[in-house]
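Given the coordinates of chain C, work out where chain A should sit on it, guided by the hints.
The listed protein sequences derive, respectively, from chains C and A. Quick note on this note's numbering: the first sequence kicks off at 22 and runs consecutively. Quick note on this note's numbering: the second sequence kicks off at 22 and runs consecutively.
The hints are simulated quantities; they were obtained by calculation from the structure and are not laboratory data. Glycine included, each C-beta is placed from N, C-alpha and C at the ideal position. You may find that some hints are simply not true.
[Stated by the list, open to error] Label pairs and their in silico Cβ distance ranges:
hint : chain 1 : residue 1 : chain 2 : residue 2 : range
1    : C       : P107      : A       : K230      : 51 to 59 Å
2    : A       : G146      : C       : G233      : 31 to 39 Å
3    : A       : S71       : C       : P92       : 21 to 29 Å
4    : C       : E416      : A       : G134      : 43 to 51 Å
5    : A       : P363      : C       : E216      : 33 to 41 Å
6    : C       : P92       : A       : E112      : 29 to 37 Å
7    : C       : K249      : A       : A123      : 19 to 27 Å
8    : A       : G365      : C       : D359      : 46 to 54 Å
9    : C       : L232      : A       : G134      : 34 to 42 Å
[Stated by the list, open to error] Among the chain C residues that face chain A by a calculated CB cut under 10 Å, a handful are:
hint : residue
10   : T32
11   : I38
12   : G63
13   : D65
14   : T69
15   : S179
16   : N181
17   : D411
[Claimed, not checked] With a straight-line cut-off of 27 Å between C-alpha atoms, the simulated DSS-like cross-links for lysine-lysine are:
hint : chain 1 : residue 1 : chain 2 : residue 2
18   : A       : K230      : C       : K224
19   : C       : K94       : A       : K94
20   : C       : K230      : A       : K57
21   : A       : K135      : C       : K57
22   : C       : K94       : A       : K57
23   : C       : K94       : A       : K150
24   : A       : K165      : A       : K150
25   : C       : K362      : C       : K294
26   : C       : K119      : C       : K165
27   : A       : K119      : A       : K135
28   : A       : K94       : C       : K230
29   : C       : K165      : C       : K135
30   : C       : K94       : A       : K180
31   : C       : K57       : C       : K125
32   : A       : K180      : C       : K180
2 protein chains.
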Amino acid sequence: MDSGLALDIATDLTTEIGPRLYGSDDERQAVEWATKRFQEYGFDKIWTESFPVDRGWERGDETAAVTYPSPQKLVITALGGSVATPPEGIEAEIALFKTIGALKSQPAGSLKGKIAVVTQPMGIGQYGKISGPIRGNGPSEAAKRGAVAFLMRSAGTSKNRFAHTGATRYQKDVTRIPAAALSVPDALQLDRLSERFDRMRIKLVLTPKQLGTVTSQNLIAEITGSEKPEEIVLLGAHIDSWDLGTGAIDDGAGVGVVMAASKLIRELPTPPKRTIRVVLFGAEEIGIYGGNFYVENNRTDLDRHIIAAEADAGQGPIHTFNVGVGDPLEPTLSVIRDALKPLGVKPGRAKSRGGPDIAPMANVGVPVAGLDMFTEDYFDLHHTANDTIDQIVPERINQSAAVYVTFAYLASELGGYYRAK
Amino acid sequence: MDSGLALDIATDLTTEIGPRLYGSDDERQAVEWATKRFQEYGFDKIWTESFPVDRGWERGDETAAVTYPSPQKLVITALGGSVATPPEGIEAEIALFKTIGALKSQPAGSLKGKIAVVTQPMGIGQYGKISGPIRGNGPSEAAKRGAVAFLMRSAGTSKNRFAHTGATRYQKDVTRIPAAALSVPDALQLDRLSERFDRMRIKLVLTPKQLGTVTSQNLIAEITGSEKPEEIVLLGAHIDSWDLGTGAIDDGAGVGVVMAASKLIRELPTPPKRTIRVVLFGAEEIGIYGGNFYVENNRTDLDRHIIAAEADAGQGPIHTFNVGVGDPLEPTLSVIRDALKPLGVKPGRAKSRGGPDIAPMANVGVPVAGLDMFTEDYFDLHHTANDTIDQIVPERINQSAAVYVTFAYLASELGGYYRAK
Chain C
22 MDSGLALDIA TDLTTEIGPR LYGSDDERQA VEWATKRFQE YGFDKIWTES FPVDRGWERG
82 DETAAVTYPS PQKLVITALG GSVATPPEGI EAEIALFKTI GALKSQPAGS LKGKIAVVTQ
142 PMGIGQYGKI SGPIRGNGPS EAAKRGAVAF LMRSAGTSKN RFAHTGATRY QKDVTRIPAA
202 ALSVPDALQL DRLSERFDRM RIKLVLTPKQ LGTVTSQNLI AEITGSEKPE EIVLLGAHID
262 SWDLGTGAID DGAGVGVVMA ASKLIRELPT PPKRTIRVVL FGAEEIGIYG GNFYVENNRT
322 DLDRHIIAAE ADAGQGPIHT FNVGVGDPLE PTLSVIRDAL KPLGVKPGRA KSRGGPDIAP
382 MANVGVPVAG LDMFTEDYFD LHHTANDTID QIVPERINQS AAVYVTFAYL ASELGGYYRA
442 K
Chain A
22 MDSGLALDIA TDLTTEIGPR LYGSDDERQA VEWATKRFQE YGFDKIWTES FPVDRGWERG
82 DETAAVTYPS PQKLVITALG GSVATPPEGI EAEIALFKTI GALKSQPAGS LKGKIAVVTQ
142 PMGIGQYGKI SGPIRGNGPS EAAKRGAVAF LMRSAGTSKN RFAHTGATRY QKDVTRIPAA
202 ALSVPDALQL DRLSERFDRM RIKLVLTPKQ LGTVTSQNLI AEITGSEKPE EIVLLGAHID
262 SWDLGTGAID DGAGVGVVMA ASKLIRELPT PPKRTIRVVL FGAEEIGIYG GNFYVENNRT
322 DLDRHIIAAE ADAGQGPIHT FNVGVGDPLE PTLSVIRDAL KPLGVKPGRA KSRGGPDIAP
382 MANVGVPVAG LDMFTEDYFD LHHTANDTID QIVPERINQS AAVYVTFAYL ASELGGYYRA
442 K
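Next comes chain C alone, as it looks inside the complex:
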């Protein structure tokens, strides 16, 4: 709990590299940076596995303003993967909906020539309700009804004026329209304006570039087990980040936590019995490309994965230890549960998919642990320009690293095999 290593690593990564968009030079440099670190830490094996990402993309200019009745600038950001407006922008009347359901109840063609705006709020715990149905499908639902562009209230919980990016995904055979998120106060402003005025016009300029297929990579680093080297305890996090902030909360913190935890184990007088494998996944943000590729590329080895855990929900603290394993009563798990209690971690449910990048392996039977983090302020920050290292509280990330050390060390030392999900 006294080690500041996780925060030091996250600070170095977010300072020396900064943002790390999937498929970018920044992401590659982050992988080189982490490779060097693992070498310094004396890890036994370090390698990368590359894969294509068919949705290469780069942010451009992004501005918006109410042009009628009350000219004022709006804080927006393009959704990841959005197409561009013409360089001069789109200026159109808006159709504002308080929920995505209200938009979807409109008949085809009814939004012709308009900018569709959905101001549905996101409460604590409602990320999934917004990210898929609105951020993912909203642009296509609007386009089907004739809209020329799509704006949504950010999938975030803070009233600070930051717009949240995140991947959108156009449906097949639907016109691809430019799509952006409004900051929460800007969405509230449009709600208020819509109550006061019958008509509103907005000008939107988005100039992102589609880069076609780009290359990303997972970085894998191992401490070879002393007794059962073929058995793997996997610790994951993702090295890519959105481009607006420096990716400190999402997921520099997770990278710091798993790198620090594994380094602390590496420094023990006796090495762990099983192999500790750290995987820093690439291209998570645009659709878990790294996590999916890992399963594809390591399929024949998956049965050697004893258990996997991923840190990708911010800085912590970790409050609950869930498992997604064949036998939740396996005695080793009780030892881990007891060891985590003094760190403030409660035993949880016998149900977990572990985290976004390890869910694909959980789906094919790899046992996973869900070291659940406190996330009530995570969605204040993630995917925004405000995701910087200065938002991290040392005590919180320290506890997360301590939990990962404890979990990984005990999982590598004790008991048998959590398989047979």
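Relative to chain C, chain A alone:
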């Protein structure tokens, strides 16, 4: 305390008009908007007084990025009145100073061709230490030493990634160089980078326009006193705002407070004995133009001003009642002090300049009250894009309005004359 009127007014102003930069159409529309309100409230006299502002200015594009060694975007905003860079920007090595003193200790010519960066932090209560010496004079001090541009850490107290604008003022006979503020996390990022790398380069693009002399105006609205109409109790706030946010905290809240307080007095069954004069000052942000013009334009009437107070420090609550009057022992003041106590307002010092727009009248002898607000979070928000109505807490602004009603009503009813400063 139960009236939500102040917040309603501030909400309407910041929604229906939005930002209100000095000398702009927005500022004029805000004055028309407030004029209509005062008419609806049944005020007896409403007029404007116009004046020139010799520093007309309009924000343009503003972007910055570290280009070496670790390319990453920076969140910045032009200081008010800054000159532009060439359209393609300035890209140069930086010279980073942790304090303005460190910059000023450099010899002439030593910053030749460089972008000067001052990352001096602002603590709670240190606004004056930053706004004048760094935001005001920093660009000229850097230019004297050969710098081609100037960046400062924002005059703000939050770690959220918002850059704070605010007026700079070039010294005479010094080259005018482009000047901008970095958000606090960006300044901290440059501090960290400077500890890790010997050299850093930044690209800065600022394209504001100098508009020459523009016109601003004060709006004055009165409830005529029933017994001593010639004696004036003045309540002030400023109607202009910076252009990044919607000017809710600075100073939509103050406008709401003084308009609500005066309207509530207007609705009393018996009118106040003295005249209540509300003044919504123009062009405060660029250098108290409205407050200075008021003194010039109303000089012969200033001795009819019994007392003046201004709300320009956010939403409140108000914690202390200070006075800047000839006789602080005047019995009416005790009555006011006693009446404010149940609202949580402590008696304060016999020293006050009242507020930025009424300081010029205080300086020539007009008695003033200083209804001091809680400002510990004011500098988290003011002059940023995050200065929006959603940051206002109803209970806080309600208390401020209740204090202004109490103060203004008693000052208009009771006792004599606070003059002879």
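To see whether the hints hold, each was checked on the structure:
1. At about 25 Å, the beta-carbon gap between P107 (chain C) and K230 (chain A) misses the expected band of 51 to 59 Å.
2. For G146 (chain A) and G233 (chain C), the hinted distance range of 31 to 39 Å is not satisfied, since their beta carbons lie about 54 Å from each other.
3. Take S71 (chain A) and P92 (chain C): their Cβ atoms lie about 22 Å apart, and the range 21 to 29 Å holds.
4. One distance hint, 43 to 51 Å for the beta-carbon pair E416 (chain C) and G134 (chain A), holds here, with the actual separation near 44 Å.
5. Distance hint check for P363 (chain A) and E216 (chain C): the Cβ-Cβ separation is about 36 Å, which falls inside the suggested range of 33 to 41 Å.
6. At about 33 Å, the beta-carbon gap between P92 (chain C) and E112 (chain A) stays in the expected band of 29 to 37 Å.
7. Between K249 (chain C) and A123 (chain A) the beta carbons are some 58 Å apart, a value that contradicts the proposed interval 19 to 27 Å.
8. Checking the proposed 46 to 54 Å range against G365 (chain A) and D359 (chain C) shows it holds: the Cβ atoms sit about 50 Å from each other.
9. At about 35 Å, the CB distance of L232 (chain C) to G134 (chain A) agrees with the hint of 34 to 42 Å.
10. Interface hint status for T32 (chain C): upheld, as the beta-carbon distance to the closest one in chain A is roughly 7 Å, under 10 Å.
11. Checking I38 (chain C) against chain A: minimum C-beta separation of about 6 Å stays under 10 Å; hint holds.
12. Look at G63 (chain C): its Cβ only gets to about 23 Å from chain A, farther than 10 Å, so that hint breaks.
13. Because the smallest distance between the Cβ of D65 (chain C) and any Cβ of chain A comes to about 28 Å, over 10 Å, the interface hint for this residue is violated.
14. Given the 10 Å rule on beta carbons, the hint for T69 (chain C) is violated: about 21 Å separates it from the nearest Cβ of chain A.
15. Checking S179 (chain C) against chain A: minimum C-beta separation of about 9 Å stays under 10 Å; hint holds.
16. A distance limit of 10 Å between C-beta atoms decides the matter here; for N181 (chain C) the minimum to chain A is near 6 Å, and the interface restraint holds.
17. Hint status for D411 (chain C) relative to chain A: holds, with the closest Cβ pair at about 5 Å, below 10 Å.
18. Restraint check for K230 (chain A) and K224 (chain C): the C-alpha separation of about 22 Å stays at or below 27 Å, so the hint holds.
19. Distance check on the hinted pair: K94 (chain C) and K94 (chain A) sit about 21 Å apart at the alpha-carbon level, within 27 Å; holds.
20. Restraint check: the Cα-Cα separation between K230 (chain C) and K57 (chain A) comes to about 47 Å, which exceeds 27 Å; the hinted pair is violated.
21. Straight-line distance between C-alpha atoms of K135 (chain A) and K57 (chain C) comes to about 33 Å, which puts the hinted pair past the 27 Å bound.
22. At roughly 25 Å between alpha-carbon atoms, K94 (chain C) and K57 (chain A) fall within 27 Å of each other, so this suggested pair holds.
23. Among the hinted pairs, K94 (chain C) with K150 (chain A) is inconsistent with the structure: their alpha-carbon atoms are about 31 Å apart, more than 27 Å.
24. For the hint linking K165 (chain A) to K150 (chain A), the alpha-carbon distance of about 21 Å falls within 27 Å, and the restraint holds.
25. A distance of roughly 23 Å separates the Cα atoms of K362 (chain C) and K294 (chain C); the hinted pair therefore holds under the 27 Å criterion.
26. The suggested pairing of K119 (chain C) with K165 (chain C) holds, with an alpha-carbon distance near 18 Å, which does not exceed 27 Å.
27. Using a Cα cut-off of 27 Å, the hinted pair K119 (chain A) and K135 (chain A) holds, with the two alpha carbons roughly 16 Å apart.
28. As the CA atoms of K94 (chain A) and K230 (chain C) are separated by approximately 17 Å, the hinted pair is consistent with the 27 Å bound.
29. Distance check on the hinted pair: K165 (chain C) and K135 (chain C) sit about 12 Å apart at the alpha-carbon level, within 27 Å; holds.
30. Restraint check: the Cα-Cα separation between K94 (chain C) and K180 (chain A) comes to about 23 Å, which is no more than 27 Å; the hinted pair holds.
31. Taking the CA atoms of K57 (chain C) and K125 (chain C), the gap is near 50 Å; set against the 27 Å cutoff, the hint is violated.
32. Distance hint between K180 (chain A) and K180 (chain C) is fulfilled; the C-alpha atoms sit about 15 Å from each other, no more than 27 Å.
Of the numbered hints given earlier, the model fails hints 1, 2, 7, 12, 13, 14, 20, 21, 23, 31; all others are met.
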